[in-house]
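Protein chains: 2
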Amino acid sequence: MKRSVEDTPIVFIGAGNLATNLAKALYRKGFRIEQIYSRTEEAAYTLAREVEAGFTTDLQEISEEAKLYIVSLKDAAFVELLPQITAGKHGPLLVHTAGSIPMSVWEGYTERYGVFYPMQTFSKQREVDFEEIPFFIEAKSHEDVELLKAVAGTLSEKVYEATSEQRKSLHLAAVFTCNFTNHMYTLAAELLNKYHLPFDVMLPLIDETARKVHELAPHDAQTGPAVRYDENVINNHLAMLEDTSDLQEIYKLISKSIHEHH
Amino acid sequence: MKRSVEDTPIVFIGAGNLATNLAKALYRKGFRIEQIYSRTEEAAYTLAREVEAGFTTDLQEISEEAKLYIVSLKDAAFVELLPQITAGKHGPLLVHTAGSIPMSVWEGYTERYGVFYPMQTFSKQREVDFEEIPFFIEAKSHEDVELLKAVAGTLSEKVYEATSEQRKSLHLAAVFTCNFTNHMYTLAAELLNKYHLPFDVMLPLIDETARKVHELAPHDAQTGPAVRYDENVINNHLAMLEDTSDLQEIYKLISKSIHEHH
Numbered sequence: 017m018k019r020s021v022e023d024t025p026i027v028f029i030g031a032g033n034l035a036t037n038l039a040k041a042l043y044r045k046g047f048r049i050e051q052i053y054s055r056t057e058e059a060a061y062t063l064a065r066e067v068e069a070g071f072t073t074d075l076q077e078i079s080e081e082a083k084l085y086i087v088s089l090k091d092a093a094f095v096e097l098l099p100q101i102t103a104g105k106h107g108p109l110l111v112h113t114a115g116s117i118p119m120s121v122w123e124g125y126t127e128r129y130g131v132f133y134p135m136q137t138f139s140k141q142r143e144v145d146f147e148e149i150p151f152f153i154e155a156k157s158h159e160d161v162e163l164l165k166a167v168a169g170t171l172s173e174k175v176y177e178a179t180s181e182q183r184k185s186l187h188l189a190a191v192f193t194c195n196f197t198n199h200m201y202t203l204a205a206e207l208l209n210k211y212h213l214p215f216d217v218m219l220p221l222i223d224e225t226a227r228k229v230h231e232l233a234p235h236d237a238q239t240g241p242a243v244r245y246d247e248n249v250i251n252n253h254l255a256m257l258e259d260t261s262d263l264q265e266i267y268k269l270i271s272k273s274i275h276e277h278h
Numbered sequence: 017m018k019r020s021v022e023d024t025p026i027v028f029i030g031a032g033n034l035a036t037n038l039a040k041a042l043y044r045k046g047f048r049i050e051q052i053y054s055r056t057e058e059a060a061y062t063l064a065r066e067v068e069a070g071f072t073t074d075l076q077e078i079s080e081e082a083k084l085y086i087v088s089l090k091d092a093a094f095v096e097l098l099p100q101i102t103a104g105k106h107g108p109l110l111v112h113t114a115g116s117i118p119m120s121v122w123e124g125y126t127e128r129y130g131v132f133y134p135m136q137t138f139s140k141q142r143e144v145d146f147e148e149i150p151f152f153i154e155a156k157s158h159e160d161v162e163l164l165k166a167v168a169g170t171l172s173e174k175v176y177e178a179t180s181e182q183r184k185s186l187h188l189a190a191v192f193t194c195n196f197t198n199h200m201y202t203l204a205a206e207l208l209n210k211y212h213l214p215f216d217v218m219l220p221l222i223d224e225t226a227r228k229v230h231e232l233a234p235h236d237a238q239t240g241p242a243v244r245y246d247e248n249v250i251n252n253h254l255a256m257l258e259d260t261s262d263l264q265e266i267y268k269l270i271s272k273s274i275h276e277h278h
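The listed protein sequences correspond, in order, to chains A and B.
With positions in the first sequence counted from 1, the corresponding number in our numbering is that position plus 16.
With positions in the second sequence counted from 1, the corresponding number in our numbering is that position plus 16.
Treat the hints as calculated values from the structure; they're not laboratory data.
Predicted model, so just to flag it, every value in this text is computed and none were measured.
Treat the hints with care, since some could be wrong.
Below, simulated DSSO-like cross-link-like pairs (lysine-lysine); rule was C-alpha separation at most 30 Å, straight line [what the hints assert, rightly or not]:
| # | chain 1 | residue 1 | chain 2 | residue 2 |
| --- | --- | --- | --- | --- |
| 1 | A | Lys90 | B | Lys174 |
| 2 | A | Lys83 | A | Lys210 |
| 3 | B | Lys45 | A | Lys174 |
| 4 | A | Lys140 | B | Lys268 |
| 5 | A | Lys210 | B | Lys105 |
| 6 | B | Lys268 | A | Lys272 |
| 7 | A | Lys210 | B | Lys210 |
| 8 | B | Lys210 | A | Lys268 |
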């Protein structure tokens, strides 16, 4: 009988936003999640219960039975714990999920390694639909590239190979498109709150701004006072932001940058 | 026979992004668009042809037959042309569509005036669906508020009264949620282009970032290296932006602001 990729038992090292979403999605696809490690017992236990896995808060108790170890820790913690994570694991495949860490970080610690990077914004409070998420795969050996592609392929049709250099660039671009964009929403929500207006009123505008760049290049989709550097409006806005100097500085700098691009 | 609101003949003064989208939407709802004025003959003619209207590039030739004049010019041009736009128009209702200009700008120029502000990002190359767009209405007289609500109500279910002060705040928040957000997309597209990666790969992330704030407050939806101020990642990114000092400055300032909010 042919074994299917879902027969690959998985250990998750980390129980944060990404690990939580990924473990639940793989569990639903029929993968056996062997164990969850987290420094925080509550995080380890909460996720473990949802995916019928064991859990531990002790790196030395991490199961050696799995075929695939998905390490999804904060970058600094990952690099620090690397020796302990890899200790004694010479047979299975170890991957990390960080956009910004090169694959070479594994060198000298273990034999089979790679990167499994789903480019998306994950929060524990919201389950995402993996079908649309691009996965960027890298592994030391060709066989492990194929294995990771097969694992990602159970979740998404958008599975690509990418070098560490490409992944780093993607991650930087993602910080602009996602993290910085979301912070613009946060700043708007704060302003509206100050004026006793509900944030919800912005949702159609947010949706259209996102939909628009499916059709037009972002440069061509740009609107607003900064395009034509409308000083009346801009000075008016800056005056409204006078008591929040960081907002004022952000407004000035981005408006200047928009104008320079047009 | 009862007259319906669609029997209100309309003149558009301006043929830019907003006027184009609004005129076409009202035309499709059965309004008679009497005439289009634009300083640029091509813009006036192009829009006029699409909505079966006359057109002119001469302010003195603007029809006096309409019941509603929708003025949608750049803010500076509007204020400059106000005396000519209002000359001889003492019967009909005149409105502007600018988020940032108070209704009081009309005072002393004419008797019946107001504001008709659809809060959305408009481009000529893309037709938007008005159903979801919030309209913010203001008029000097109660009857004209009702008339404008009825006109907006043919396009959208989200029609609100708002004071000039509220509209100004909404417009400022919209600059953050839409204009600044779109510029983040532009900067990401530039970065990806530099690394020979396609912008399209960002679309699922852009969509999820927008969808997320339908469920979570933007503050709770925030992810990325700046939340926990991950210096490894941030310094790495800043090094990648070394040759584009404006991007580097934007990256620093927004990351600092994100961190201060978390």
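Results of checking the hints against the structure:
no., hint, in the structure
1, A:Lys90 - B:Lys174, "43 Å, violated"
2, A:Lys83 - A:Lys210, "53 Å, violated"
3, B:Lys45 - A:Lys174, "41 Å, violated"
4, A:Lys140 - B:Lys268, "27 Å, holds"
5, A:Lys210 - B:Lys105, "39 Å, violated"
6, B:Lys268 - A:Lys272, "16 Å, holds"
7, A:Lys210 - B:Lys210, "40 Å, violated"
8, B:Lys210 - A:Lys268, "26 Å, holds"
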